[in-house]
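Q: Single-letter residue listing:
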Amino acid sequence: MMDDLNDLYQQVILDHSRSPRNFRALPDANRTAQGHNPLCGDNVTLYLRCEGDVIREITFQGSGCAISKASASILTECLQGRTKQEVEALFERVRAMLTTGQAGGDDLGKLSIFAGVHKFPARVKCAILSWHAVLAALEGKSDPVSTEEGGA
Amino acid sequence: MNLHQTQTPPSAPSSASPSAPPPVDWEALRADFPILDRQVNGRPLVYLDNAATSQKPLAVIEAIERYYRSDNANVHRGFHELSNRATAAYEGARARVARFLNARGPDEIIWTRGTTESINLVANAWGAANLRPGDSILLTEMEHHSNLVPWQLAARRAGARLVYLPVTGDDGLLDLRRLDALLVPPVKLFAFTHVSNTLGTVNPVSALCAHARERGIVTVVDAAQSAGHLPVDVQAIGCDFLAFSGHKICGPTGIGALCGRRELLDQMPPWQGGGDMISSVDFFESQWDAVPHKFEAGTPNIAGAIGMAAAIDYIEAIGRDHIFAHDQELAAYAVTGLREIPGLRLFGPPEHRAGVVSFLLDDIHAHDVVTVADRFGVALRGGHHCNQPLMRKLGIVSTARASFYFYNTAAEVDRLIEVLLEIRKFFGGA
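Residue numbers (my numbering), protein chains in the order written: chain A, 1 to 152; chain B, 1001 to 1430.
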């Protein structure tokens, strides 16, 4: 039982939730998107400064549980310098990992610490919220994205 | 405090007197609920999410099974034996609800899917006949979304507006000093909850209704959290409408009732059309059946009504005054324990609290508290509890909530406190 919990709340996750990285607004952002989880009231705003399709800088603000905050924090660390296409490919693998525990392909690096989430189906939405927001920002969508629209 | 060794509720006299009801053996009642024996995540279930839904005793499960096994037929439309039996059971259940609420008669009871549908019925049907542009509807800041969104829709349809009686703060009381100033024209209707599902506040419903009545303002009481927990008497309360659900009073989901004053119900148009609500139908015009059938289109939830009546029989055999005393004792015991946890922020009134306790543990998000508690077998609710405007007012997004019923014990409260201390340790609190 505690093993499952320790898988879900790994030390790195707890550390990022307590001291989130890149946790600020980005004044010169040219893409932003909000994510909202209406079931818990969690909110996240992603700020991106892109050059063409490449993310040069990415930050976030918002409130949420340990999983959603850590997910957003680690996402900002991992997506710096990535192209839209790379982010989309990564998202598919992260989603597979969150729902099945298996990412497939190469090691996901730091993102693989979220593999334990798959044992807690109710928490998948928390981990995926900021991914939906970043994809919306890259698509240039201005409406807030919700975890209750479309699949997790 | 050794509450779990005290089997007698505080309302019962400590020495036996000839007229005193026998003390309730709360532990023995647990045997009536099969689910309370199960394990969750390898630990004995500690079910503290009763404000969301209650568990069901065998008496209710068996009443529903008996109906489907031996009496199932449609109501009001057959002259065969089973239809007569189903109709008698269904209308008998309506009369049971009427007695439960001390309504003036069974024709003041309309079956619905639950509290939410009951309130939507009033907002639609009463609203259509009575709300005009420029009118106001008074609500309170502690309303559940089910007693808020239907009024937003009704106000939008009619060109009316909403006004709110404020909540004082973390102590979760209505700011009654504001009542006289707010309960004035153009307010046409005042809708409020009896017991707050988040704060555990017990509102002074009789006084609120009396104030409204003096001013000719119609009242709607949301009794979802109270009907199964404390005596609810619509004539003593003096309300015009009262809504509640079966599933929070040990009955099945998908059934509830609206109790309405007959003269108001008579003036209201139907809100859903179909079979069973008409007296005659032509190609272009129809005549409505009388109240309550006017508001009950289609084949109803017959088994649900029968199950709800069995639930009412069950909890009335215990006595709602006893249940409330037990709820309050558990809540007070929980509050005492919670206050000793460093960094815990408690919501709700300091005294006269129903069996609902909301809190935040340090800066740990409620969903993290609930996820870890679940791994210890303790079922809590975390989130906004369908109270988003209240959460915003209190400057928070969610709380963790423990809510009690008569089958909960002080030992379970002890377990809750132990688990919360573990959670604090887990997330790196002191």
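To be clear, the hints were calculated from the coordinates, so they are not data collected in a lab. Accuracy of the hints is not assured; some may be wrong.
Below are the DSSO-like pairs computed for lysine-lysine, each with C-alpha atoms no more than 30 Å apart in a straight line [claimed, not checked]:
hint: 1; chain 1: A; residue 1: Lys141; chain 2: A; residue 2: Lys110
hint: 2; chain 1: A; residue 1: Lys84; chain 2: A; residue 2: Lys110
hint: 3; chain 1: B; residue 1: Lys1188; chain 2: A; residue 2: Lys110
hint: 4; chain 1: B; residue 1: Lys1425; chain 2: B; residue 2: Lys1188
hint: 5; chain 1: B; residue 1: Lys1393; chain 2: A; residue 2: Lys119
hint: 6; chain 1: A; residue 1: Lys141; chain 2: A; residue 2: Lys84
Only part of the chain A face toward chain B is listed, based on derived beta-carbon distances under 10 Å [unchecked claim]:
hint: 7; residue: Arg18
hint: 8; residue: Cys40
hint: 9; residue: Cys50
hint: 10; residue: Gly52
hint: 11; residue: Val54
hint: 12; residue: Ser68
hint: 13; residue: Arg123
hint: 14; residue: Cys126
Where a beta carbon is used, it is the ideal one built from N, C-alpha and C, also for glycine.
Q: A separate judgement is required for each hint: does it hold in the structure or not?
A: Evaluated hints:
{"no.": "1", "hint": "A/Lys141 with A/Lys110", "result": "holds (28 Å)"}
{"no.": "2", "hint": "A/Lys84 with A/Lys110", "result": "holds (19 Å)"}
{"no.": "3", "hint": "B/Lys1188 with A/Lys110", "result": "violated (59 Å)"}
{"no.": "4", "hint": "B/Lys1425 with B/Lys1188", "result": "violated (52 Å)"}
{"no.": "5", "hint": "B/Lys1393 with A/Lys119", "result": "violated (35 Å)"}
{"no.": "6", "hint": "A/Lys141 with A/Lys84", "result": "holds (14 Å)"}
{"no.": "7", "hint": "Arg18", "result": "holds (7 Å)"}
{"no.": "8", "hint": "Cys40", "result": "holds (5 Å)"}
{"no.": "9", "hint": "Cys50", "result": "violated (30 Å)"}
{"no.": "10", "hint": "Gly52", "result": "violated (36 Å)"}
{"no.": "11", "hint": "Val54", "result": "violated (33 Å)"}
{"no.": "12", "hint": "Ser68", "result": "holds (8 Å)"}
{"no.": "13", "hint": "Arg123", "result": "holds (6 Å)"}
{"no.": "14", "hint": "Cys126", "result": "holds (7 Å)"}
Consistency note: the structure conflicts with the earlier hints numbered 3, 4, 5, 9, 10 and 11.
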